[in-house]
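Numbered according to our numbering, the sequence shown spans residues 1 to 425.
Because the hints were derived from the structure by calculation, they are not lab data. Among the hints, a few may not be true.
[Unchecked claim] Using 27 Å as the maximum straight-line C-alpha spacing, the simulated DSS-like pairs for lysine-lysine come out as follows:
| id | residue 1 | residue 2 |
| --- | --- | --- |
| 1 | Lys288 | Lys278 |
| 2 | Lys309 | Lys278 |
| 3 | Lys319 | Lys120 |
| 4 | Lys288 | Lys178 |
| 5 | Lys120 | Lys220 |
| 6 | Lys220 | Lys123 |
| 7 | Lys123 | Lys288 |
| 8 | Lys278 | Lys120 |
| 9 | Lys309 | Lys319 |
| 10 | Lys288 | Lys120 |
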Amino acid sequence: MTELRDVDFFRDPNSVVSPYSYMDDLVQNSPVWIEPNYGVAMVAGYDEALTVMRETETYSAAPMIAGPTPDYGVEFTGDDIDEQLDAVRHRLPFNDQIVAMDPPQHTMRRALIMGLITPKRLKENEDFIWQLTDRQLDVVLPRGGCELVDDYAQPYALLVVADLLGVPEEDHPMLLEKAGVAANGSLTDTTKEPPKKHGGLEHFYEYFTDRVESRRREPKDDVLGRMAHATFPDGTLPEPLEAARIASNLFAAGQETTVRLLATALQIVGDDQGLQQKLRQDRGLIPKFIEEVLRWQGPIKGNMRVARKTTTLGGVHLKAGTQVFVMHGAAGRDPRQFDDPQGFDIERPNVRRHIAFGHGIHTCPGAPLARSEVRVTLERLLDRTSAIRISEAHHGPPDARRYDYLPSYMFRGLTKLHLEFDMEA
Numbered sequence: 001m002t003e004l005r006d007v008d009f010f011r012d013p014n015s016v017v018s019p020y021s022y023m024d025d026l027v028q029n030s031p032v033w034i035e036p037n038y039g040v041a042m043v044a045g046y047d048e049a050l051t052v053m054r055e056t057e058t059y060s061a062a063p064m065i066a067g068p069t070p071d072y073g074v075e076f077t078g079d080d081i082d083e084q085l086d087a088v089r090h091r092l093p094f095n096d097q098i099v100a101m102d103p104p105q106h107t108m109r110r111a112l113i114m115g116l117i118t119p120k121r122l123k124e125n126e127d128f129i130w131q132l133t134d135r136q137l138d139v140v141l142p143r144g145g146c147e148l149v150d151d152y153a154q155p156y157a158l159l160v161v162a163d164l165l166g167v168p169e170e171d172h173p174m175l176l177e178k179a180g181v182a183a184n185g186s187l188t189d190t191t192k193e194p195p196k197k198h199g200g201l202e203h204f205y206e207y208f209t210d211r212v213e214s215r216r217r218e219p220k221d222d223v224l225g226r227m228a229h230a231t232f233p234d235g236t237l238p239e240p241l242e243a244a245r246i247a248s249n250l251f252a253a254g255q256e257t258t259v260r261l262l263a264t265a266l267q268i269v270g271d272d273q274g275l276q277q278k279l280r281q282d283r284g285l286i287p288k289f290i291e292e293v294l295r296w297q298g299p300i301k302g303n304m305r306v307a308r309k310t311t312t313l314g315g316v317h318l319k320a321g322t323q324v325f326v327m328h329g330a331a332g333r334d335p336r337q338f339d340d341p342q343g344f345d346i347e348r349p350n351v352r353r354h355i356a357f358g359h360g361i362h363t364c365p366g367a368p369l370a371r372s373e374v375r376v377t378l379e380r381l382l383d384r385t386s387a388i389r390i391s392e393a394h395h396g397p398p399d400a401r402r403y404d405y406l407p408s409y410m411f412r413g414l415t416k417l418h419l420e421f422d423m424e425a
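Given only the sequences and the hints, what does the whole structure look like? Please build it.
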């Protein structure tokens, strides 16, 4: 479709609202395609996306969130740019975060993160999630409705990660304030703050650096204490700031994805009353529902890589230095992998094969948390209400809905979702 191919996917406002016509065209006709605006290789096919995510020696995550025209400061030359890339990584955004690292630096830091997210700790954290869910719902349900993103999802997602990392509850209000989220869920005024070098994570860096230093001076057998004394696989102890960065990565990774996934899931539930009744009658369908939401309209449209070596992908020649956009959202709609990919089917047998949370070494470490948060929220909302509806006053009637989406080529998600509730008698 020539008209679609002329679209600047990274800047076109219509692609923010409805990216799926573009994605479906690519995945069905050109699983790998060099778009004309920036020369980015758009990787829409499922198998091709897996190849990029698996072959870390060929594709670097350095420009993960740097956009289609990263400021490398140099023009890459030759068929192998590894040394050139390593010399300029420091210029790229989030270069100190694990999402933009490659092995062996990535391997060391991911091992430390996964050492914190143990099955035992996840179980303890889920106990907190159930308590927090009811605490948040106690605020919004009596109103008969809420704006889900700010009133519920933003503080909820942040506090779940805070608990996972052992932040004492007395510090939760302070973290909410520093993150620009009020305790009741409304956003505080952060417009006067200058842009943050590390994407707004400085407040987390400061907090966790202080706690790591404190636990090293006075050891305690708690989560923060274990974080403070966790070592890399080679036995070395990270500097306090490095440990703080690793902990902060969980906030960066979990906040946007969980908030947007929650909103999309409740948008679908509120819009489809028949599906809502199915979930009310059989809560065992909720995990399947969540996976289909992730496949069909996950919170990540895609992210960047750069070809470290000249290579071929899906029959397309890629010169070393080519920017590569891995389209998670398109890969989940590949008819070579999923039958009737544009349809929404909670009984889809292979739905867990989606790559909404990535694949390989860059699989989102917070994926289990996001799934738990959405599952528990849905269960308790269905328990405590008899109906969940989209607010027509804010979003229009069912045949003419109006929604605003994040102006982002990377994230897919609502900026607001107004819901109405009927309370369970």
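So, going through the hints one by one against the coordinates:
{"no.": "1", "hint": "Lys288 - Lys278", "result": "holds (12 Å)"}
{"no.": "2", "hint": "Lys309 - Lys278", "result": "violated (50 Å)"}
{"no.": "3", "hint": "Lys319 - Lys120", "result": "violated (46 Å)"}
{"no.": "4", "hint": "Lys288 - Lys178", "result": "violated (36 Å)"}
{"no.": "5", "hint": "Lys120 - Lys220", "result": "holds (18 Å)"}
{"no.": "6", "hint": "Lys220 - Lys123", "result": "holds (21 Å)"}
{"no.": "7", "hint": "Lys123 - Lys288", "result": "holds (20 Å)"}
{"no.": "8", "hint": "Lys278 - Lys120", "result": "violated (32 Å)"}
{"no.": "9", "hint": "Lys309 - Lys319", "result": "holds (7 Å)"}
{"no.": "10", "hint": "Lys288 - Lys120", "result": "holds (24 Å)"}
Hint compliance for this structure: hints 2, 3, 4 and 8 are broken, all remaining hints hold.
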